[in-house]
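Colleague: Sequence lines, in order, name chains E and W. So for the first sequence, this note's numbering puts the first residue at 103; every next one is plus one. So for the second sequence, this note's numbering puts the first residue at 747; every next one is plus one.
FYI, nobody ran anything at the bench for these hints, they're computed from the structure. No incorrect hints appear here.
Label-pair restraints from in silico Cβ distances:
no., chain 1, residue 1, chain 2, residue 2, range
1, W, Thr764, E, Leu181, 41 to 51 Å
2, E, Pro209, W, Lys855, 15 to 25 Å
3, E, Gly118, W, Gln754, 34 to 44 Å
4, W, Leu830, E, Gly142, 17 to 27 Å
5, W, Gln790, E, Asn167, 24 to 34 Å
6, E, Gly155, W, Thr766, 42 to 52 Å
7, W, Ser758, E, Arg179, 34 to 44 Å
8, W, Glu798, E, Gly142, 25 to 35 Å
9, E, Pro163, W, Ser758, 32 to 42 Å
Covered, in the sense of this in silico footprint (three residues per stretch, anywhere, with C-beta under 8 Å from a C-beta of chain E), are these stretches of chain W:
no., segment
10, 793-805
11, 849-858
Here a beta-carbon is modelled for each residue, glycine too, at the ideal position from N, C-alpha and C.
Residues per chain are reported as follows:
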Amino acid sequence: NAGVTQTPKFQVLKTGQSMTLQCAQDMNHEYMSWYRQDPGMGLRLIHYSVGAGITDQGEVPNGYNVSRSTTEDFPLRLLSAAPSQTSVYFCASSYSRQSYNEQFFGPGTRLTVL
Amino acid sequence: AQTVTQSQPEMSVQEAETVTLSCTYDTSESDYYLFWYKQPPSRQMILVIRQEAYKQQNATENRFSVNFQKAAKSFSLKISDSQLGDAAMYFCAYIGGGSEKLVFGKGTKLTVNP
Numbered sequence: 103n104a105g106v107t108q109t110p111k112f113q114v115l116k117t118g119q120s121m122t123l124q125c126a127q128d129m130n131h132e133y134m135s136w137y138r139q140d141p142g143m144g145l146r147l148i149h150y151s152v153g154a155g156i157t158d159q160g161e162v163p164n165g166y167n168v169s170r171s172t173t174e175d176f177p178l179r180l181l182s183a184a185p186s187q188t189s190v191y192f193c194a195s196s197y198s199r200q201s202y203n204e205q206f207f208g209p210g211t212r213l214t215v216l
Numbered sequence: 747a748q749t750v751t752q753s754q755p756e757m758s759v760q761e762a763e764t765v766t767l768s769c770t771y772d773t774s775e776s777d778y779y780l781f782w783y784k785q786p787p788s789r790q791m792i793l794v795i796r797q798e799a800y801k802q803q804n805a806t807e808n809r810f811s812v813n814f815q816k817a818a819k820s821f822s823l824k825i826s827d828s829q830l831g832d833a834a835m836y837f838c839a840y841i842g843g844g845s846e847k848l849v850f851g852k853g854t855k856l857t858v859n860p
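Given only the sequences and the hints, what does the whole structure look like? Please build it.
Modeller: Now the structure itself:
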C-alpha cells in the first residue's frame, strides 16, 4: 500500500493562477479531508468528504473547491490563488467517518503564492 | 465551537529524561476522542496515541502515555526515556463523537538535547 499520496510536493504560483493539488489513497478509505498548516496555527480543516459524491466545508473553505468522484481521489482546487493561500497542505484519510478512526496523512504540499 | 489549547509553544528535554506536554480543550459534549500527533522535520504527521473520553484508564503506547483529566478537560502527553528521534512538533487534537471534524491545537515544538 502506498497509503496517502499527494502531488506535487512543492509548487510556486503567481497571484491569480489556478491549480489543483492531487490526493489519492489506496486503502479504500471512506473519509478524506484537506488541511492547511500555517506557522503558529496548527492544522485547520478546509474541506472533507465522507464518501464518493459527498463533500462538505471545514473551518477555512473560502478560496478552495473540492470534488470526490471516486473513493480513491480527492483533489483540492485553487481557482484564483492569493498570497494568503501560501501554506503547507495536507490530505488525510480514514477508514470511515466514525470519529475514533485514526486519520492517515499524506506527506504534504508546500505552496507559495507570489 | 470546540477549541484545543496547547500553552507551551516550545519545550526541551535532556535525552533519557521525561517530559510532559500540556493540552486543554473546551467542549460541552460527553462523547469525544483525543489524539496526539507527532510531526518530525520530515513533515509527516504520525499518530502517537489516542484516548476515548468514555474510558477512565489512561492510554499508553510504549514510552508515551497520557494523563486524561475529563473534569478538568486536560489531556497531557508524557514521554519517558526521551530519545533524539522524539524531537518534533506535537499536536493535540479533538473530535466530537459523531463529528467528522478534527480540531487541532497550535502545537508544541519539542527539542531533545543529547
